[in-house]
Amino acid sequence: METQLDVVFGALADPTRRAILARLTSGDATVAELARPFAMTQPAISRHLKVLERAGLISRRRQATARLSHLEAEPLRDATEWLAGYRAWWEESHGRLDALLARLQADPMAPPRDGADTRG
Amino acid sequence: MSETIIDAPSGVPFIDITREFDAPRDLVWRAWTEPELLKQWLGPRRFEMVIDEYDVRDGGRWRYVHRAADGDEHGFHGVFHGTPSPDAFVQTFEYEGAPGHVSIERLSLEERDGRTIARMHSTYESVEARNAMVASGMAEGMNEGFDRLDALLASAAVSA
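Residue numbers (numbering that gives the first Met the number 0), protein chains in the order written: chain P, 0 to 119; chain F, 0 to 159.
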């Protein structure tokens, strides 16, 4: 199951898409403007923009005959900042739980429960 | 392959964590509700987990402390609500580093073919409280891989 974080990292995994995001930090741009630095057709750039839009990294709107792309910073902040640390905390705990569950299943003489009865 | 799935959507004060374990439900339940087992897995390895109390019953109190090697401590406490069961295990949760900000945690365990899916749903008092909680102490868990990604993205000069 693909999480939103996976979609964001997948979008960032391509150097052209990272360069597009860097260009958009200077302001919104049309497909033609974004294609200019690359030896790439506009349809090829549009495919990259669709990936970025799906990841929530850009939003797009029409202005006259052009489609403008706009950088959305929040998913990038989510991917690199607070959610990453939180995720790492839980991933480590769940990994330790995996190991504990494997130990308990391997050893029929599972460690005795705590002396105090914890069930009400 | 088991993967920790975390969903923290914008605009709502929730966090949903889903994880599958290769063990029957009753064993996962024990790992979550017996203090001697809980302290063997909850929290990063670098912390010593000290359980003050953990009284799994309706109205029972719980408190534990994560103690770092340098003696720094993070305390957490709350109360269990309702008759605890693998279908519904509900507790209030308060981090002593942010007193007065209480969240509600609900765990459910579902068994399928000898494996167990754990679903945790956390409700915070506000979106801001949710964001602040996860951005604080737990963010220390960031490893160097994320530091490298951070530097890469900083070089793209993303504005706020």
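These aren't lab readings, by the way, just hints derived from the structure by calculation. Treat the hints with caution; some may be incorrect.
A partial selection of chain P residues facing chain F, derived with a Cβ cut-off under 8 Å [claimed, not checked]:
#, residue
1, F37
2, L99
3, L103
Derived Cβ-Cβ restraints for the label pairs, each shown as a range [said to hold, decoys possible]:
#, chain 1, residue 1, chain 2, residue 2, range
4, P, T64, F, V11, 48 to 58 Å
5, F, R62, P, Q62, 55 to 65 Å
6, F, G96, P, Q62, 45 to 55 Å
7, P, M39, F, R44, 41 to 51 Å
8, P, A98, F, R66, 32 to 42 Å
9, P, P42, F, G96, 49 to 59 Å
10, F, D57, P, A101, 44 to 54 Å
11, F, D86, P, D27, 43 to 53 Å
12, P, A101, F, D6, 37 to 47 Å
13, F, P8, P, T40, 33 to 43 Å
14, F, A134, P, A38, 39 to 49 Å
The structure presented is a predicted model; accordingly, all values stated were derived computationally and were not measured. Cβ atoms here follow ideal geometry from the backbone N, Cα and C, with glycine treated the same way.
Hints versus structure:
no., hint, verdict
1, F37, "violated, 16 Å"
2, L99, "holds, 5 Å"
3, L103, "holds, 6 Å"
4, P:T64 to F:V11: 48 to 58 Å, "violated, 38 Å"
5, F:R62 to P:Q62: 55 to 65 Å, "holds, 57 Å"
6, F:G96 to P:Q62: 45 to 55 Å, "holds, 47 Å"
7, P:M39 to F:R44: 41 to 51 Å, "holds, 46 Å"
8, P:A98 to F:R66: 32 to 42 Å, "violated, 21 Å"
9, P:P42 to F:G96: 49 to 59 Å, "holds, 52 Å"
10, F:D57 to P:A101: 44 to 54 Å, "violated, 32 Å"
11, F:D86 to P:D27: 43 to 53 Å, "holds, 50 Å"
12, P:A101 to F:D6: 37 to 47 Å, "violated, 27 Å"
13, F:P8 to P:T40: 33 to 43 Å, "holds, 36 Å"
14, F:A134 to P:A38: 39 to 49 Å, "holds, 41 Å"
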